[in-house]
Amino acid sequence: MASYAVADRRWIERGVERTSTLRFALWLVPWALLLALGVYAAGLCLRFGLNQTNMDNRFPFGLWIFLDLSIIALGAGAFFTGFLVYILKFKELKAVLNTAVVVGFICYSGAVGILMIDVGQPLRAWFTFWHPNTHSMLTEVTFCITCYLVVLLFEYIPVLLRNRQLRRVPSFLIFEHRLHLLVPVLAAVGTLLSFFHQGSLGGLYGVLRGRPFAFREGIAIWPSTFFLFILSAIAAGPSFLLLITSLVEKVTGRKLVEFSVLCRLGRISGLLTAVYVAAKAVDTLAWLNRTSPSLGFAPWEFYSYKPFGTWLMLAEIVLFGLVPAVLLLHPKTASRRGWLISAALLVCGGILLNRFILTVQTLALPTLAFDEFVSYLPSWQEVASFGAVVAYGVIVYSLSYRYLPLFPQEKREGYRVSGR
Amino acid sequence: MKKRRYGMVIDLDRCTGCGACSVACAAENNVPPAAPRATERTGITPLRVQPVSNGASGPARREVFIPLMCMQCGEHTPCVSVCPQQAVEVDSATGIVTQMPQRCLGCRYCMTACPYHARYFNWWDPEWPAGMEKTLNPGVATRMRGVVEKCNLCHSRLHAAEDKAAAANQREVNPADYVPACVEACPTGAILFGDLADETSAVARAARAPQAFRLLEKLGTEPKVYYRSNRPWVRALAEPRTVPAKEVQRG
Chain A
0 MASYAVADRR WIERGVERTS TLRFALWLVP WALLLALGVY AAGLCLRFGL NQTNMDNRFP
60 FGLWIFLDLS IIALGAGAFF TGFLVYILKF KELKAVLNTA VVVGFICYSG AVGILMIDVG
120 QPLRAWFTFW HPNTHSMLTE VTFCITCYLV VLLFEYIPVL LRNRQLRRVP SFLIFEHRLH
180 LLVPVLAAVG TLLSFFHQGS LGGLYGVLRG RPFAFREGIA IWPSTFFLFI LSAIAAGPSF
240 LLLITSLVEK VTGRKLVEFS VLCRLGRISG LLTAVYVAAK AVDTLAWLNR TSPSLGFAPW
300 EFYSYKPFGT WLMLAEIVLF GLVPAVLLLH PKTASRRGWL ISAALLVCGG ILLNRFILTV
360 QTLALPTLAF DEFVSYLPSW QEVASFGAVV AYGVIVYSLS YRYLPLFPQE KREGYRVSGR
Chain B
0 MKKRRYGMVI DLDRCTGCGA CSVACAAENN VPPAAPRATE RTGITPLRVQ PVSNGASGPA
60 RREVFIPLMC MQCGEHTPCV SVCPQQAVEV DSATGIVTQM PQRCLGCRYC MTACPYHARY
120 FNWWDPEWPA GMEKTLNPGV ATRMRGVVEK CNLCHSRLHA AEDKAAAANQ REVNPADYVP
180 ACVEACPTGA ILFGDLADET SAVARAARAP QAFRLLEKLG TEPKVYYRSN RPWVRALAEP
240 RTVPAKEVQR G
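Chains as they are written, first to last, in numbering that gives the first Met the number 0: chain A, 0 to 419; chain B, 0 to 250.
Hints were generated in silico from the structure; no laboratory data involved. Bear in mind that the values here come from a model prediction, so they are computed numbers and not experimental data. Even glycine gets a Cβ: it sits at the ideal position worked out from N, Cα and C. Treat the hints with care, since some could be wrong.
[To be verified] If we take Cβ atoms under 7 Å as the criterion, some of the chain B residues that face chain A in the derived model are:
id: 1; residue: Q84
id: 2; residue: Q101
id: 3; residue: L104
id: 4; residue: R144
id: 5; residue: E238
[As the list claims (entries may be wrong)] Covered by chain A, according to a simulated footprint, are these stretches of chain B (three or more residues, beta-carbon under 8 Å):
id: 6; region: 33-39
id: 7; region: 216-230
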């Protein structure tokens, strides 16, 4: 065991402290088990078909789409931090850039993995590239997410090659250097791709004329949800990064970035959340008074099906929008760790709620006069498959944190925040 | 060849809810028997008959049976624009919304888009009990697990009618040669089928009648399936919730 520990130590960055090999292995065990269970569940879906899920003809999208939309929005911190650092020159955020890339890569690769199980014929995925329907938001999403995942991979490789042992290989060092020169270009390309696919994910539902609860008018071919999704994703991305960094600090007991960096993330998130809440409020008013009635639907009728009452709309805009925006923008609350983290949690919770409303509530509501309000509960295979994505994320992040220089300020700061 | 707009008018006052249309549809289109674990919401019913009541009880209770299938939307066709790989299209010659299961990815976005819930996913492998495969219609391909399907107005019958017209050196299809299975099977003659673009056709005249209506017309999708009824409460079913929810109940 001792020899393993010594070998393991050689892969860890000099000047940083990491937990023992045994403790790290023990930390990974439950996640590996969850991953194995999820892979088994996903295997059942691939082998026997989507009858392993609880989706049906009335609820053709379920837990997976809801969580895909959510984690892609939360992963927006990757492209947005790159945009802020390389395009807008927010140098201070370099402290969280590597961790943003890893989180983004995990979110996007996890989402693509789940999507491959979620389609009935995964082997036909290439058809979208061969017979693309340029009018479909899903085509745009497929193209942009695939391209952006490649961009994220190229952003992740330089981080990977900065590992203590890997950078001793001269060719790796040269490759890493070359890739590093490309990073600003990758950040710009990633920003462009991300703006489009985040928007198109909103457009997925916004264009559904047949689902007046989700349908929105907009500008040219883009419904308002296109712009709202971009805004909400770039508002939540920094908050999620703030939460992940704080969580890693808490779990490891080490200070990884200066508090001012977290405050800056909070302020950016707060400002964008405020803009998002204002836009969302205007959009909701336009939908209530114009869009929905013009399609023959009384909008308040949508809220007569419990538990999806108007409280949900108010919670989304006020509790998970306005409140965290104020908390993140007010100097007193924005400079206190507790308030900062609480507000970031609310922002991320708001994203989950928004995606839930759009994906689940939309399908549960009736359209025809004689339709029923339908319900859906995911099967264990659906939950376990998604659990595998979470486990995969924790494992990849844990390995990255242990062996890669994710937080450049860690060496400089290099002190514990707790007694562990 | 002139452009056609195939559609139908279903007389709800004549429909007895016998389900012959549904059975004929399944037999014509090689819909497999339901899988053992299939439910009302996971089965394949390209044409289903929906019983709806006026919500009253006792002598005041009234019922109507509504045959529901793809409404063959002509404008803003919800399922066509969303399909990422062009597996759905509106045939410009006939107005029929066609589905290509061979190209379908099984993403089910079209099902999400359809306000009429007229699209069905193959949740199971299609299986026929031994011997029953002999009943399969050789003119229609079976669909595999993991793809979406729907009513295509018995497209194979249209192809047969077009082949017959071509063999006879005629440019136009004889209306008598193209009749979908549900229309043929209806014992009360409740379903009128034909070319809506032909102003003189019986179906076009019936569609213009004041008792005719289409479901969710305000969505602007221009369905080519019309219904007709002399009963105002039935006609009110066209609009979402114009009749309060409590007063309309599924049968």
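Hint-by-hint comparison with the structure:
{"no.": "1", "hint": "Q84", "result": "holds (4 Å)"}
{"no.": "2", "hint": "Q101", "result": "violated (9 Å)"}
{"no.": "3", "hint": "L104", "result": "holds (5 Å)"}
{"no.": "4", "hint": "R144", "result": "holds (5 Å)"}
{"no.": "5", "hint": "E238", "result": "holds (6 Å)"}
{"no.": "6", "hint": "33-39", "result": "holds (count 3)"}
{"no.": "7", "hint": "216-230", "result": "holds (count 5)"}
Violated hints amount to a single one, hint 2; each of the other numbered hints is respected by the structure.
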